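**Q** Respectively, the protein sequence lines represent chains C and A.
Taking the numbering used here, I'd label the letters of the first sequence as residues 1 to 639.
Taking the numbering used here, I'd label the letters of the second sequence as residues 1 to 160.
Calculated from the structure, these hints are not laboratory results.
Among the clues, some could well be false.
To be verified - Partner residues aside, some chain A positions facing chain C, computed with beta carbon under 8 angstroms:
hint	residue
1	59
2	64
3	75
4	77
5	80
6	86
7	98
8	103
9	124
10	128
Please read these numbers as outputs of a predicted model, since none were measured by experiment.
Don't be surprised by glycine CBs; every beta carbon is placed ideally from N, CA and C.
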Amino acid sequence: MHGLNRLFSLLITVSLFLVSSVAVSEDYLQELVDRADKLNLHEHPYWFKLLHYKPRTFGGYRSEVLNRNFFNSEQGHYNSRAELVATLEAFFSGLQETDDQQNPQCRFIARYHWLDSQLNFDPNRLEPRTCQRFTDWYETIDPHQLTLIFPAGTDNSPSSMFGHTLIRIDRKDQSEQTRLSSYSINFAAETDETNGIAFAYKGIMGGYPGRFSIMPYYEKVNQYNQMENRDIWEYQLNFTPEEIDRLLRHAWEVGQSDFAYYFFLQNCSYRLLELLDIARPGMNTADEFDWFAIPGDTVYVALQQEGILKQALYRPSHRTRLNHILDNMSAHEQLLVQELAEGSRTVDDTALLQLPASRRALIYETAYDFLQYQLNSGDDNRDAIASTSYKLLLARSKQDQASPASPVPVPEVRLDQGHGSSRVAAAYVNVDHHDVLELKIRPAYHDLLDPRPGYTEGAQINFFDLTLRHDFDQDKTRLHALRLVDITSLVGRTDFFKPVSWKFNMGFERWPIDTHPDERLVFSLNAGGGMTFSLADSFKLFGMMDATALGHDELDNSVEAGLGPNLGMIWDPVDNWRILAQSRVQRFAGDLDLTYIEHTLAQSFHWNRDSAIRLEWQRRGPEHNTEDSLSISWHWYLK
Amino acid sequence: MKKLITASFLSVMAMSSANAAPNNVGCGLGSMVFEGKSGIPEQVLAATTNGTFGNQTFGISSGTLGCAKDGVVQKYAAAEAFTGANMEKLARDMSVGQGEALETMAELMGIAEEHKASFFQASKDNFSTIFASENVTSEEVLTSLNKVMASDQVLSQYAV
Numbered sequence: 001m002h003g004l005n006r007l008f009s010l011l012i013t014v015s016l017f018l019v020s021s022v023a024v025s026e027d028y029l030q031e032l033v034d035r036a037d038k039l040n041l042h043e044h045p046y047w048f049k050l051l052h053y054k055p056r057t058f059g060g061y062r063s064e065v066l067n068r069n070f071f072n073s074e075q076g077h078y079n080s081r082a083e084l085v086a087t088l089e090a091f092f093s094g095l096q097e098t099d100d101q102q103n104p105q106c107r108f109i110a111r112y113h114w115l116d117s118q119l120n121f122d123p124n125r126l127e128p129r130t131c132q133r134f135t136d137w138y139e140t141i142d143p144h145q146l147t148l149i150f151p152a153g154t155d156n157s158p159s160s161m162f163g164h165t166l167i168r169i170d171r172k173d174q175s176e177q178t179r180l181s182s183y184s185i186n187f188a189a190e191t192d193e194t195n196g197i198a199f200a201y202k203g204i205m206g207g208y209p210g211r212f213s214i215m216p217y218y219e220k221v222n223q224y225n226q227m228e229n230r231d232i233w234e235y236q237l238n239f240t241p242e243e244i245d246r247l248l249r250h251a252w253e254v255g256q257s258d259f260a261y262y263f264f265l266q267n268c269s270y271r272l273l274e275l276l277d278i279a280r281p282g283m284n285t286a287d288e289f290d291w292f293a294i295p296g297d298t299v300y301v302a303l304q305q306e307g308i309l310k311q312a313l314y315r316p317s318h319r320t321r322l323n324h325i326l327d328n329m330s331a332h333e334q335l336l337v338q339e340l341a342e343g344s345r346t347v348d349d350t351a352l353l354q355l356p357a358s359r360r361a362l363i364y365e366t367a368y369d370f371l372q373y374q375l376n377s378g379d380d381n382r383d384a385i386a387s388t389s390y391k392l393l394l395a396r397s398k399q400d401q402a403s404p405a406s407p408v409p410v411p412e413v414r415l416d417q418g419h420g421s422s423r424v425a426a427a428y429v430n431v432d433h434h435d436v437l438e439l440k441i442r443p444a445y446h447d448l449l450d451p452r453p454g455y456t457e458g459a460q461i462n463f464f465d466l467t468l469r470h471d472f473d474q475d476k477t478r479l480h481a482l483r484l485v486d487i488t489s490l491v492g493r494t495d496f497f498k499p500v501s502w503k504f505n506m507g508f509e510r511w512p513i514d515t516h517p518d519e520r521l522v523f524s525l526n527a528g529g530g531m532t533f534s535l536a537d538s539f540k541l542f543g544m545m546d547a548t549a550l551g552h553d554e555l556d557n558s559v560e561a562g563l564g565p566n567l568g569m570i571w572d573p574v575d576n577w578r579i580l581a582q583s584r585v586q587r588f589a590g591d592l593d594l595t596y597i598e599h600t601l602a603q604s605f606h607w608n609r610d611s612a613i614r615l616e617w618q619r620r621g622p623e624h625n626t627e628d629s630l631s632i633s634w635h636w637y638l639k
Numbered sequence: 001m002k003k004l005i006t007a008s009f010l011s012v013m014a015m016s017s018a019n020a021a022p023n024n025v026g027c028g029l030g031s032m033v034f035e036g037k038s039g040i041p042e043q044v045l046a047a048t049t050n051g052t053f054g055n056q057t058f059g060i061s062s063g064t065l066g067c068a069k070d071g072v073v074q075k076y077a078a079a080e081a082f083t084g085a086n087m088e089k090l091a092r093d094m095s096v097g098q099g100e101a102l103e104t105m106a107e108l109m110g111i112a113e114e115h116k117a118s119f120f121q122a123s124k125d126n127f128s129t130i131f132a133s134e135n136v137t138s139e140e141v142l143t144s145l146n147k148v149m150a151s152d153q154v155l156s157q158y159a160v
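Excised from the complex, chain C in its bound form (with noise of 0.2 angstroms):
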């Protein structure tokens, strides 16, 4: 009996400090929210920062994350003090944190951090948790500093046409050859979608969530060095530890999280901007953007910071690499490299051991990188590459010599250094002695005869390129172009290299669907493939056969479809100056029934990145109609 009174007094004084200590809790919590709303804490930019709080177009905010589940409160989407009142109120929260679960104060541990330097909790009065999986995945990261990484454009995959960026988390103590086991945090559109159709619409529409994700930093070179054979920048920035944590501390409270993903502006490198202005709370890039976000654009806004860059590095992809190793090889050389990797050579033939040492490992690690590159390509042939491979790395090792290889230069120019990528111009035209202005506008991003410095030889990519005209004679202003989207690439093939070139555009085109050339504005869809030869480094031809689809109302709703030639070439005679010249023909046969040529002589000069001047002469039209145009036109490129 007395045994139970005991325990039953026990019960209540417990009971009665539970009771007791909810309502310090709640005197607590109402001093911290009174305390919020006297330094207006709910409207402060970087509480917008960490919501992702972006303004609406008829007032308000709203907040980019989609998940519920990334807000305390029910209106945390959309009302700030709603959300900083219940996130005040969870870290209150006594939660155990589990593999499944988080206590508020770590599953929301950029919040907690900067409301506590804020409001100065009382560690008394608001007990603070201990967060062991961030703590462990923090120790494992290991942050020192904060890499931007910029994998340059391929236009073989027009999904990263413009490039990519990721941020690396440089681990303390590793040098320049270890940062391959750095992680990296990476933004990209989630999705399973294997039809490219509907991943394409969607991803420009906005139909992926984006997610972050965390991966060994080996896994990015891997896909852009090696499988993508695309150049990468590494970018070491100048960040605190304090920023470098915050940044951290972000990505652990947005990992989980879904955001609504478009193709040109919120997208990978949108996303790095705002995780760095989260790191360095007066630092506001992403806001910069309102359009477009293209990588190189980004990280040249980034790199404006004051004193931001510690340094630049290079990182060659596999193909400039070897491309690098063969030029500097002599021909004798480059046939025993190809006779090697085919397997008609074996490593002991005479014809190699007559080599010095050092010429000979240099050419077996040669044909075996040659072999990985065809291995990478989607060769399918494994076996007999592997079997080859295999052979090449034993004779390799038994050769008691460095590797004589050279390092790839340096470009002098590097990726976030080239001309901005919108592009204003304005010409004059003389078109079969009419006089006519001519304005365009293009977003992006970059044609065959724009400046070269920093950007893919060969690739041209524009989007939304658009063309006005003025007829002086006529006093008439009206559309000459809206190209959509237009794609060439034109990369020299090789002994070792043999790349498919081709191009796609598709938009609306003044043409001369009936007697009276250059007049009606028609729908086009043009596809070609070829090859291009690189005579000199300064000096390339190409050909292609060119198909064309044509769409107007006139026609009566057909497509009239044409079918011909396009050879052209391009020189270089110093490193500003670009010459190129081609011609087309398209024969279209059905209801047209005409034979379309277009001859174009085209210069282009550039003094610097940010201006450059054209001048262009052509011949269009029906084949026995056409009519001859001048221009010299001025082109001003903008970040």
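Given the structure of chain C, go ahead and fit chain A onto it with the hints provided.
**A** Chain A in isolation, oriented as in the chain C frame:
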């Protein structure tokens, strides 16, 4: 005409193709050397790109999954995971006796700066033991490497 516009707009973007890869839990074991990355052509219409890729891509704060915890490979598995994902580079570097993959491997195995040269030389000298054939798996490579190290005066302290 409208149809043509819609169809062609979609078709150009079709080239962008699918991005994502499954979030496999790759701890590196079991991958064979010279496997290639199965059917990702570098040529026209290559598809992977800016999406998630690779077998060690994890969600941040996603809990424990295989050898990864909240998105990062746990320390005990780091060398395995690295080997599995970098067999071709590692084989090349070992045969040459130098290189980034080999440096990283040394770091992940905790080899001290002053012992790195021995590690590099031992991997080169014993290349044919460590990579016993063109069909070895990463597990076999690690087992052989471990044996080589165990029988080396300097490196035996790093063998498991």
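**Q** Each hint should be assessed against the structure and marked as holding or not.
**A** Hints versus structure:
no. : hint : in the structure
1   : 59   : holds (6 angstroms)
2   : 64   : holds (5 angstroms)
3   : 75   : holds (7 angstroms)
4   : 77   : violated (11 angstroms)
5   : 80   : violated (12 angstroms)
6   : 86   : holds (6 angstroms)
7   : 98   : holds (6 angstroms)
8   : 103  : holds (4 angstroms)
9   : 124  : holds (6 angstroms)
10  : 128  : holds (6 angstroms)
Of the numbered hints listed earlier, those contradicted by the structure are 4, 5.
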